Every structure is written in C-alpha cells, then in structure tokens.
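Trainee: Next come the chains, spelled out residue by residue.
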Amino acid sequence: MSWETVIGLEVHAQLSTNTKLFSSASTKFGSEPNTQVDLVDLGLPGVLPVVNKDAFKKAIRFGLAIDAEINQESTFDRKNYFYPDLPKGYQITQMSKPIVEGGSIDIDIGEDKKTINITRAHLEEDAGKSIHDAYPDKSVIDLNRAGTPLLEIVSEPEISNAKEAVSYMKALHQLVTFLDVCDGDMSQGSLRCDANVSIRKIGDLELGTRTEIKNINSFRFIEKAINFEIKRQIKVLESGGKVTQETRLYDSGKDETRPMRSKEFANDYRYFPDPDLLPVVISDDEMEEIKSTFPELPGDKSKRYISEFQIDESEAEIISTSRELSNFFEVAVESKNDPKLAANLIVGEIGSLLNKDNIKIDESQLSSDNFNVLLQRISDGTISKKIAKTILAEIWETGRNADEIIDDQGLVQIQDENLLEEVITKVIESNPKQVDDYKNGKDKLFGFFVGQVMKETQGKANPKSVNEILKKLLS
Amino acid sequence: MSIKFKTLSQLKELLEKKELSSYELVSETFRNISSSKTNSFITLNEEAALNKARDFDEGKVDGDLAGIPIAQKDLFCTKNLRTTCGSKILENFIPPYDATVVDNLSKAGSICVGKTNMDEFAMGSSNETSYYGTVKNPWGLERVPGGSSGGSAAAVSEGLVCAATGTDTGGSIRQPAALCGITGIKPTYGRASRWGMIAFASSLDQAGTFARNAEDCALLLNHICSHDQKDSTSISDAQENYLDNINNDLKGKKIGIIKEFDISSLNREVQDSFEQSKQIYESLGVNFVEVSMPNIQLSVPTYYVVAPAECSSNLSRFDGVKYGYRADDVGNLEDLYIKSRSEGFGDEVKRRILIGTYVLSAGFYDAYYKKAQQSRRMIKNDFVEAFKNVDVIMSPSSPSSAFKIGSKTEDPIEMYLEDLFTISSNLAGVPAMSIPHGFANGLPIGLQLIGNYLEESKILNFAHQYQKSSDWHLKNPNLGESS
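Chains A and B, in that order, give the protein sequences. With the first letter of the first sequence counted as 1, position 286 gets the number 286 in the numbering used here; the numbers rise by one all the way through. With the first letter of the second sequence counted as 1, position 423 gets the number 423 in the numbering used here; the numbers rise by one all the way through.
Just so you know, these hints were derived from the structure itself, not from any lab. Values in this document were obtained by computation on a predicted structure and should not be read as measured data. Possibly wrong hints are sitting among the right ones.
Just some of the chain A residues that point at chain B, by a computed CB distance under 8 Å [stated by the list, open to error]:
(1) Pro84
(2) Asp268
(3) Pro339
Derived coverage of chain A by chain B (criterion: at least 3 residues anywhere in the stretch with Cβ under 8 Å from a Cβ of chain B; other residues may be distant) [what the hints assert, rightly or not]:
(4) 87 to 94
(5) 249 to 258
(6) 304 to 311
Result set (PhoX-like, lysine-lysine): computed pairs, CA atoms no more than 20 Å apart in a straight line [what the hints assert, rightly or not]:
(7) A:Lys129 - B:Lys322
(8) B:Lys322 - A:Lys138
(9) B:Lys322 - A:Lys97
Quick reminder that beta carbons are idealized off the backbone N, C-alpha and C, glycines included.
Let the hints inform the model, and build the full structure from the sequences given.
Mentor: Written out as structure tokens, the structure reads:
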C-alpha cells in the first residue's frame with residue numbers, strides 16, 4: 001500500500017530582545033539559576049505584565065519578510081494550566097488575534113522550490129525549567145527562562161516529508177537570523193520545533209490522525225524523528241491498528257519517538273483575553289520605522305552582489321545565504337578590495353576551513369582586518385593566491401597578522417624575471433619528453449610546466465610572469 | 001483629647017498646630033485598636049508606624065497626609081508586612097514590595113498602622129469569608145459590616161482610623177461604606193494603579209478609599225490615583241486635584257434616577273431616605289430626570305460570569321509551589337496542588353473558582369463568557385447614553401441595612417444580590433461612591449452617586465454639597481467609648 005505524509009511544523013523562535021516579554025529582567029542565556037527573574041517572572045501576588053514593544057518590532061519584521069498580514073492591533077490571551085515552572089498558572093499568548101497572520105516561505109527541494117504557507121506567527125512567553133535529576137528526592141525550578149519572548153510560527157500542513165521539513169527549518173533559520181529576530185542557536189533552544197505528523201493513503205482527501213513530536217532542536221533530529229514517526233505510523237496502520245492522537249518525544253539516543261501524554265487527557269486550556277493587557281496597537285509611524293530599518297534579505301543580496309560586483313552567481317548565493325559570511329564579504333568590499341577575489345576566497349578556502357571546524361566566520365581567528373591585509377597583498381602582487389591559502393591556514397590556527405606571516409616565512413612572491421627564467425630553463429631541460437609532446441601539439445601540457453615551476457618555487461612564482469616566460473622558452 | 005471620629009482634615013489641623021503629636025496620635029490609635037471588638041485588623045504595623053510618627057514629629061516627614069495614621073486593606077502588598085488577602089493560603093506571605101497605592105500614600109507622609117480584615121480574596125459582601133474571623137459592624141456587633149472591604153469600613157466607622165483604603169470589584173467599597181455609615185469612593189477603572197493589589201477580577205478591580213466625609217475622600221484620592229507604567233490598564237490622563245471642584249454650585253445640575261431599579265420593593269425606611277435625599281438635592285437646585293438603562297438588569301448575572309472567570313485564572317498562582325500555604329504529606333505534584341488549594345482556600349473562593357473554570361471551559365465559553373462580554377458592553381452603553389442627559393446617577397447603595405452575621409451565608413444568591421446596585425458601575429468602569437443618608441432598622445444606609453467616566457470630581461462635588469446640607473455623615477456608633 002502507498003502512503004503519503006502530511007507534516008505541519010510549529011516553530012518556537014526565541015526573540016533576541018534584551019529583556020523579557022512582560023518584565024524588565026534580562027533574557028541572557030546561561031546565568032546562575034533564578035538570577036534573571038523579577039517580581040513579574042516569579043508570579044508574585046499583585047504583579048502585572050507590561051508589554052515589551054521590542055518583541056513586537058521583531059515579530060513584525062518577520063511578518064513583513066514572509067509577506068504576511070500584520071495585525072496592527074493584536075491581543076493577548078491566557079492559556080491556563082498548572083505546572084511548577086509556570087509561575088502564574090497560565091501562559092500569556094496570542095490566541096484570538098496574533099500579530100502575524102498568513103504569509104509564506106519558499107524552501108529548496110532538490111533543484112526546485114516549494115512554497116510553504118504560514119498560518120500565523122504569534123508572541124508568547126516561555127515557561128521556566130523544571131529540573132528533576134539534580135537532587136535525589138526533589139525537583140527544582142529555574143525561572144531564568146520564564147517570560148522570555150517567543151515567536152511561535154505555525155505552518156500549514158503542506159510539508160510532505162522529513163527532508164522538506166528540514167529544508168523548511170533551514171529556510172526559517174536563515175530568515176530569522178538575517179532579520180536579527182532570533183540568534184538561531186538551536187543547541188540552546190533558541191529555535192526549536194514541534195512536528196505534527198500524519199499519514200494517509202495516496203489520494204485520500206481526509207487527513208489521518210496526527211501525532212505531535214515535541215521540542216526537536218536540531219536539523220538532523222527533525223529528519224530522524226519524522227522518518228521514525230512515519231515508519232511507525234505505517235506499521236501501526238498496516239497491521240490493522242489505529243494511530244492515537246498524542247504528544248510524543250524524540251529520544252535521539254535510541255532514535256525513536258515515544259508518547260509523552262495523551263491529548264485526550266490533556267488540559268482544557270480555558271483560553272480567554274488577558275484582562276491585565278489592553279490590545280497592543282502599533283501605529284502607522286511605528287510600522288514605517290520598522291519598514292525603514294528592514295534588513296536586506298539573501299535573495300536581494302545575491303542579486304545585488306552579481307550586478308554590483310560581477311561576482312560568480314553560485315558564489316553570490318553561498319555568501320548571501322549566511323548572515324555572517326555576507327557581513328564579512330561586505331566589510332572586505334567596503335575596504336576597496338577586489339570583490340571577485342574576496343568572494344572567491346570566502347567561498348573556496350575559507351568555506352572549507354569553516355566546514356572543517358563547523359564554526360561561523362565570526363567564531364574563527366580570521367578578523368575582517370586581517371582578511372583585508374591578505375587581499376591587499378594578493379592585489380599588489382606581494383603574494384600569489386596560492387600562497388594566500390597557506391597564509392589563511394596559518395591565520396586559522398594562530399590568528400597572526402598576514403604581513404607578519406609573509407615576512408617570517410619569506411613568502412613574498414618571486415617577481416624577478418631572471419630568477420624565474422633560470423628555474424623555468426631547468427624545468428624544460430629536465431623534462432625533454434614532455435617538451436617534445438608539447439611541441440607536437442599536446443597543448444594541455446602547458447599546465448604541467450606551470451605546476452613544475454610552482455613546485456620548484458614553493459608556489460611563490462608570479463603566475464603571470466611564469467606564463468609569459470614559459471611561452472617564450474617553449475616556442 | 002479623644003481622637004476617635006476625628007476627620008482627616010481635623011487631625012491634619014491638630015498636627016499642624018502641634019496640638020497633637022503624631023506619636024500620641026499613632027499610640028492612641030493602637031490603644032483603640034487593641035480595645036476594639038470589631039476584629040477590623042488582621043496584622044498591625046506598630047513598630048514601623050511609631051517610628052514614622054516619631055520621624056514626623058522630628059520634622060523628617062512631610063507631605064499632604066504627613067503624620068496621619070491610616071489603614072490598608074490586606075489586599076495591597078506591603079513590603080515586609082504580612083499580606084494575607086483574608087486567606088489561609090497567604091497566612092505567612094510577606095511581600096518584597098509595596099503596591100503603588102501603598103507607596104503613593106506613604107510618600108504623601110501617611111502612616112500605615114496595619115492591614116484590615118476582608119472577605120477572602122475580596123470575594124464576599126459580609127466579611128464572613130475571611131479566614132481571620134468575621135468583622136463586626138460597629139453599629140451592632142451581631143451585624144456584618146458589609147464586604148469585601150469590611151475591616152476598612154468598620155475601622156473608619158468605629159473611629160479607629162480616619163481613613164482606610166479599600167478595593168471595589170462589585171461594590172466592595174460602597175456597600176460596606178453604606179452598612180457602616182461612612183463615605184467611600186471607587187474611582188474610574190484605571191485611575192488607581194493595580195500594581196501590588198492582589199487580583200480578584202482584573203477587569204473590575206479598582207482601589208479606592210473610606211473616610212468620614214467626601215472632602216477627606218477627595219484629599220485621599222489625590223494621592224491614591226496616579227498613572228503607573230507598571231499597570232498597562234492605568235489611565236494616562238492628567239491627574240486632577242479632586243478638591244478643586246468640590247464647592248461648585250449644583251444649581252441647574254441634573255441627577256438621573258434609573259427607571260429599572262425598583263425602589264418601591266425595598267424597605268420603607270430605605271425608600272423614605274431616598275426621597276429625603278432627593279429633596280435635599282432639590283433644595284440645592286438640582287433637577288431629577290428618569291433615565292432608562294434597559295440592560296442594567298443583566299448586571300448581576302454578567303458579573304457572576306466575568307468575575308469568577310477572571311478569578312479562576314488569577315488564583316491559579318496560589319499552588320503551594322512558590323509561596324504561601326503548602327500542604328504536608330503530599331505524594332506527588334497533583335496531590336500537592338489539590339491538597340494545598342483545598343486546604344488553603346475557603347468555600348466561597350472555591351465556589352467562584354469552580355464557576356469561573358466552568359464558564360471558560362471549551363464548549364461553554366461562548367454560552368457564558370462571550371455572552372457576558374457582550375452584555376457587559378451593552379451595560380456600558382446604557383451608561384454612555386444615560387450620561388448624555390444627566391450629570392450624576394443616584395440610587396441606594398445597597399438593598400437594605402446591615403444584616404445579621406450568619407443570616408445569608410447559606411444562600412450565596414441572596415448574598416450576591418447585596419451588590420445589585422453597585423455592580424453595574426464596575427462593569428462599566430465608571431466612578432461611584434456611597435455616602436450615609438439615613439437609617440433603616442436603626443442601622444445606617446447609603447446613597448450611591450455614580451459619575452460618568454473620569455468624573456470623580458463631579459460625584460465628590462455632589463457628595464460634599466449634600467454633606468454640607470445634612471448631618472448623616474456626622475453620626476457615630478456608640479460603641480467603645482460610651483458603652
């Protein structure tokens with residue numbers, strides 16, 4: 001029997017505001033437990049929430065980027081349930097009138113693009129953290145995270161498989177980091193997703209019973225969790241069983257999902273408008289201000305790089321899809337360096353170093369200033385591009401200044417034509433067979449001679465001069 | 001010199017003329033409280049109060065209310081001073097911060113002598129739901145003082161303090177003011193900050209005050225009301241000086257009588273007092289107009305959906321986890337919740353949590369909560385329409401005078417009808433007050449004056465002019481001193 005999968009994702013993006021959604025406590029990650037809480041976060045009797053407008057600005061920026069409707073008047077509701085890390089006994093969220101409605105996100109599926117529609121994106125406060133394994137006989141609570149602003153982005157059930165889900169997540173990740181609405185750090189839970197997964201027979205119009213996999217926090221786990229769940233559901237249905245609507249947890253250690261709690265017994269959340277908060281109205285002026293400070297998105301950036309700097313299309317795309325790389329590239333270009341050269345090195349050598357260490361450019365030892373020095377030395381002929389790669393590798397390890405490395409290691413390019421002619425003559429003399437073949441029409445061997453010269457000069461020969469002298473001596 | 005029954009203005013003058021020191025005043029206040037039989041206070045603040053009195057006497061405290069002892073309803077958080085909200089669940093709760101109202105009054109130089117008794121979480125109209133014992137009415141110790149701010153009302157009525165704060169969600173200032181024969185005012189919703197007020201029903205709760213007359217109330221409101229950025233529902237309109245218009249002439253002004261309130265069904269004496277009060281206003285040149293408010297009959301049912309709904313959510317934080325009462329011998333988390341809340345809350349609070357939980361449940365929300373929001377809007381519109389034609393609306397504050405302790409506890413519906421006349425102003429958010437205007441069965445009754453949105457100055461003006469032409473507000477219970 002053939003099955004098709006229907007997936008909808010609910011992504012929680014922690015907004016990168018300085019303070020919490022309804023209090024003035026800091027949102028910084030990793031502080032001592034319960035040090036980033038004020039009276040409001042503790043849910044003390046008599047305290048009241050006050051909206052952080054900055055969270056709204058970020059949510060609106062996201063909404064504009066996905067071409068959504070922005071509700072300039074939005075409201076907050078209370079979602080009531082008891083849990084020790086939820087100090088008020090309710091979560092403040094946007095149920096009836098969210099800040100963002102509609103919109104869509106394009107994702108890559110192989111060579112093609114697919115559009116995933118967004119249902120809504122709403123603001124809500126995060127809960128604290130219950131810790132059950134720190135003490136043998138009690139659970140403890142850390143409220144540092146309580147009240148942190150989240151943007152919950154809900155997709156339509158239009159995702160067809162685990163790969164698409166990952167693609168969607170990657171597209172969202174790129175978007176929220178570019179927009180500076182979220183730091184995108186999945187390992188710290190800044191971006192995490194719940195996946196609603198169901199299967200149905202191909203051709204069926206009605207959706208199958210879904211399960212919800214909670215709190216998946218890496219691209220890899222999204223793919224694995226969903227694939228496991230699809231297989232599990234198929235097995236259940238094909239053996240004559242029924243899928244139970246429930247919340248499941250992905251255990252990455254065992255690579256399986258298992259039930260958390262059954263939705264049938266789940267709380268009736270008794271949503272109602274929060275009487276402590278008036279509708280939040282974003283004025284036209286505020287909207288204009290948000291629009292005027294809107295950052296350039298990858299697609300536009302890529303186009304601009306191609307038209308403005310004539311750089312290679314594939315390089316433009318790679319650079320523009322990373323916020324860090326595009327910043328790095330733009331700093332280099334602004335410092336009057338050759339854009340093509342900069343792009344080439346960023347995508348090539350630097351790209352593979354980044355991949356090797358699995359870090360971002362701003363986490364590396366290569367500063368923009370040092371990269372500028374390197375680019376200038378290539379442009380002014382002091383070093384060759386080939387030597388530049390050696391220097392980059394050294395900077396990567398030590399963070400030393402490019403000029404220092406060039407001086408210390410005598411990497412200055414050989415420009416002296418007499419010296420080069422000497423080396424090249426030697427190369428020709430020691431390869432008589434190749435010289436004959438070349439002269440008999442095997443043009444491709446020219447590269448072989450260049451290679452040999454470079455080998456003899458440890459790559460320091462000026463390639464342009466080598467070409468000229470070789471041509472002269474071989475003719 | 002006896003300080004009992006002195007008004008705020010009189011005490012101010014005595015202090016200013018140095019005929020009385022604040023220390024003497026505050027010491028005498030604590031002596032009076034300790035010999036009182038009304039059970040008005042839950043917690044006293046003796047040491048801090050005497051220290052501040054001494055500071056005042058040494059010239060270190062100034063402000064409009066400097067050196068004057070006042071009482072705070074035990075629903076306002078007071079830093080380092082136990083705040084119980086009348087509940088067992090907060091029996092040991094000591095807030096780390098002051099409510100804005102408390103802070104405002106403290107900055108004006110007043111001295112908080114203690115926290116007054118109240119219905120548990122302000123839910124009640126008789127003060128019988130307090131975990132700390134029923135408050136007794138100074139006009140008859142077997143009678144209730146009204147509620148929920150019964151302790152504050154009784155304390156002022158008995159002359160223990162010249163002023164006390166209250167909160168009013170459905171009549172919790174006006175009804176006890178009426179039953180204790182004093183003046184009490186609830187300003188427009190949003191005039192006084194709710195920061196630090198333990199929430200009952202957030203969209204209805206409003207702080208206000210009790211005093212011996214309207215003029216003192218105006219002076220107190222000048223400090224109680226303020227725009228507060230910590231409360232999103234706080235009104236940002238410019239603060240008024242509520243004393244500015246208090247002496248305005250009432251000639252040609254109009255008072256509306258609500259057609260749908262059937263006064264003729266009430267006690268004869270209540271009717272007579274109402275007629276006499278109309279005559280007093282007529283003698284001041286005021287005209288009476290009948291106003292129709294067709295939806296006002298919906299007030300009580302609307303209120304008993306909205307208020308419990310909000311309270312069911314507001315009281316979720318009292319779960320035994322972070323502060324307040326926690327049950328012993330609990331097996332697991334659910335057990336902790338169930339036992340702490342079952343043991344920590346009283347019956348009336350539980351009743352309202354259950355009603356509220358029910359009306360917000362999936363499947364019932366539209367039939368109850370949503371419908372109640374719609375009728376609330378209709379009631380609000382009735383006020384908007386009525387105030388197009390009149391300056392002030394007048395009604396009795398409560399259907400009768402103080403009833404006997406225990407007489408209505410078995411019938412919650414009858415108890416809820418105590419707030420028949422007061423509830424609609426909370427639903428509409430408009431200011432309202434109660435002033436003493438006669439007696440029924442030998443016990444005081446109140447006249448309610450309702451003002452348009454933000455027009456507390458006007459009702460204070462009407463109340464003050466009434467009190468200049470009558471002496472009901474000068475009558476005192478003869479407990480304590482003479483008996």
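Trainee: Now, for every hint given, state plainly whether the structure supports it.
Mentor: Taking the hints in turn, this is what the structure says about them:
1. Pro84: holds, 5 Å
2. Asp268: Result: holds, 5 Å to nearest chain B Cβ.
3. Pro339: violated, 49 Å
4. 87 to 94: holds (count 4)
5. 249 to 258: violated (count 0)
6. 304 to 311: violated (count 0)
7. A:Lys129 - B:Lys322: Given pair Lys129 (chain A), Lys322 (chain B) holds - Cα atoms ~14 Å apart, limit 20 Å.
8. B:Lys322 - A:Lys138: Holds. Lys322 (chain B) to Lys138 (chain A) sits at ~14 Å (cutoff 20 Å).
9. B:Lys322 - A:Lys97: This hinted pair is violated, its Cα atoms lying about 32 Å apart.
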